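Visitor: If you want the building blocks of each chain, they are given just below.
Protein chains: 2
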Amino acid sequence: MKEQEFIQIIKSTLNSPYIGDDCAYLKDLGIVISQDSLVEDVHFKKGLITPYQLGYKTVMVNISDICASGAKPKYMTISLSLPKDTDNEFIEQFYKGAKSAAGEVEIVGGDITGSDKIYISAAVIGSTKGRKISSRSNAKPGYKIIVSGEHGNSAKGLEILMQKSPLVQTKGINNKFIKAHLMPEAQVEFSRQIAENIKEDYAMMDTSDGLADALFQIAHASNVIIDIDTSNIPHDPAVDIQTVLYGGEDYQLVAAVPENILQKISGYTIIGSVKKGSPAVKLDGKILKEPENSLFNHFKE
Amino acid sequence: MKEQEFIQIIKSTLNSPYIGDDCAYLKDLGIVISQDSLVEDVHFKKGLITPYQLGYKTVMVNISDICASGAKPKYMTISLSLPKDTDNEFIEQFYKGAKSAAGEVEIVGGDITGSDKIYISAAVIGSTKGRKISSRSNAKPGYKIIVSGEHGNSAKGLEILMQKSPLVQTKGINNKFIKAHLMPEAQVEFSRQIAENIKEDYAMMDTSDGLADALFQIAHASNVIIDIDTSNIPHDPAVDIQTVLYGGEDYQLVAAVPENILQKISGYTIIGSVKKGSPAVKLDGKILKEPENSLFNHFKE
Chain A
-11 MKEQEFIQII KSTLNSPYIG DDCAYLKDLG IVISQDSLVE DVHFKKGLIT PYQLGYKTVM
49 VNISDICASG AKPKYMTISL SLPKDTDNEF IEQFYKGAKS AAGEVEIVGG DITGSDKIYI
109 SAAVIGSTKG RKISSRSNAK PGYKIIVSGE HGNSAKGLEI LMQKSPLVQT KGINNKFIKA
169 HLMPEAQVEF SRQIAENIKE DYAMMDTSDG LADALFQIAH ASNVIIDIDT SNIPHDPAVD
229 IQTVLYGGED YQLVAAVPEN ILQKISGYTI IGSVKKGSPA VKLDGKILKE PENSLFNHFK
289 E
Chain B
-11 MKEQEFIQII KSTLNSPYIG DDCAYLKDLG IVISQDSLVE DVHFKKGLIT PYQLGYKTVM
49 VNISDICASG AKPKYMTISL SLPKDTDNEF IEQFYKGAKS AAGEVEIVGG DITGSDKIYI
109 SAAVIGSTKG RKISSRSNAK PGYKIIVSGE HGNSAKGLEI LMQKSPLVQT KGINNKFIKA
169 HLMPEAQVEF SRQIAENIKE DYAMMDTSDG LADALFQIAH ASNVIIDIDT SNIPHDPAVD
229 IQTVLYGGED YQLVAAVPEN ILQKISGYTI IGSVKKGSPA VKLDGKILKE PENSLFNHFK
289 E
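Same order as they appear, the protein sequences are chains A and B.
The first sequence lines up with residues -11 to 289 when you count with the numbering used here.
The second sequence lines up with residues -11 to 289 when you count with the numbering used here.
One or more of the hints may lead you astray.
Note that the list lumps identical chains together, so a pair holds whenever it fits in one copy or between two copies.
[As the list claims (entries may be wrong)] When the alpha-carbon atoms are kept at most 27 Å apart in a straight line, the in silico DSS-like pairs for lysine-lysine are as follows:
1. Lys132 <-> Lys152
2. Lys34 <-> Lys(-1)
3. Lys263 <-> Lys252
4. Lys84 <-> Lys(-1)
5. Lys87 <-> Lys(-1)
Treat the hints as calculated values from the structure; they're not laboratory data.
Please read all numbers here as calculations on a predicted model, not as lab measurements.
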């Protein structure tokens, strides 16, 4: 898959101003929309996640995109493609997990079709009413970089799962890392606090592709340097710094905001600041080498 | 796939009032949303459709759902999952076809992921501003049943394609039936005329699953008899009546409307009327036997 080439072709074919952020902001309708897919053996493996957890994660992953925009998650549709041998129990558990994760977000439709493997695609709508909507191109020199929680837990969880996969099929998740991987929590409240209180333009992303990736994307889209103090990045002591930086699927939020908002919000950690200069991410003053397959020109996220 | 059982499980698990029509009508946001998927070897075969046609059809199939609601199609997102060997040409042609079909509808996002087969899922948003939104439960005794165009052409086109598949890969479609199958047209204008002018509640559906299926669904949801005069159903003389009734994917619209609207719209054909009584479809006065796998309890459509 030459994903980046494909993205460029799509961008130039569509020539749309909407493509670039986690969500498309449809101002005339007062909504944002996002669509995300989970494919068996690409994003998950049957043996490592229960149907309930898969439903839960599908919803959270999609709600997280809306949270990144600052909009209020409201409605979603879920399209499921399933192999012939799928049983009723799978459907029931999947939707129980989905409903549990959705909370106040209503699942209002979708479709079911046949396929060889499990393929899930969900679309989510958020309302922009009373919210200031983010864009990853809005980071400005002087802004602080804040995050909503610990990084690297999901990747650590996956590592543990790969070592003892059959165990997961049993009930309960009493391990923080495994829970972070299988049943992540979208940062709804962190997003609401910022979007309802902030006056200035700001940048916000979720860390679905890892913290470093999000920082690179904001730096490039905003044409700024992001300077991170690694000692301030919240993480569990058991997780090494590479995993903290590059481990994906934590679904935490990272935002570049003016300092004056900080007195109006809670539950954040300052991990760095935005500086003037050619797009770059610095760790403790040293320029971080861009990954070769950097995702900064993604179709979305 | 025990699709109908699955739908029942989803309905009872979610217990949502939104599920039932082609689109979910989100009144507080003034929008409708729909999501539809096309899966390789389930909905299409690579050898029978070009990438351009596939992009075109993906968009039209999804816009058609919005047209069925009476809303104005505005925005869509497309999620593509593609095998590793997909080339740039596929992407370019797919999106050229999609853009051509979209017209004024803007494609505002989506994602690309890997997979074994081609899997396409699109979500569409329609605006309800100035439009009266349909529901398949709104047909009332005395209403007329009208349709937007010919039925059975798409199924006839597929039949022709199956007989001479390699030809399709060559340029151009000079056959009306093949065109109806590969590049259907959503009935945007038919929908607009009704939704902008009608005062009363009305029922409307597209004929993606066939005319008979749409009639059964409206009859059941509205608890009425639908009496059809088969000689009035528009169709090509080359298409037999079974194909006219049961052939899917024409993406025509069928509506149950009060007679007074007819003077304000054009391009319709009256094919029958709505009568009081236990839910049924009658053809020329005779009750039509319900297909065993009737789709009237579909998740959507």
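Visitor: None of the hints should be skipped; say for each whether it holds.
Guide: Structure-based check of all given hints:
no., hint, verdict
1, Lys132 <-> Lys152, "neither (40 Å within a copy, 63 Å between copies)"
2, Lys34 <-> Lys(-1), "between (34 Å within a copy, 24 Å between copies)"
3, Lys263 <-> Lys252, "within (23 Å within a copy, 62 Å between copies)"
4, Lys84 <-> Lys(-1), "between (37 Å within a copy, 11 Å between copies)"
5, Lys87 <-> Lys(-1), "between (34 Å within a copy, 12 Å between copies)"
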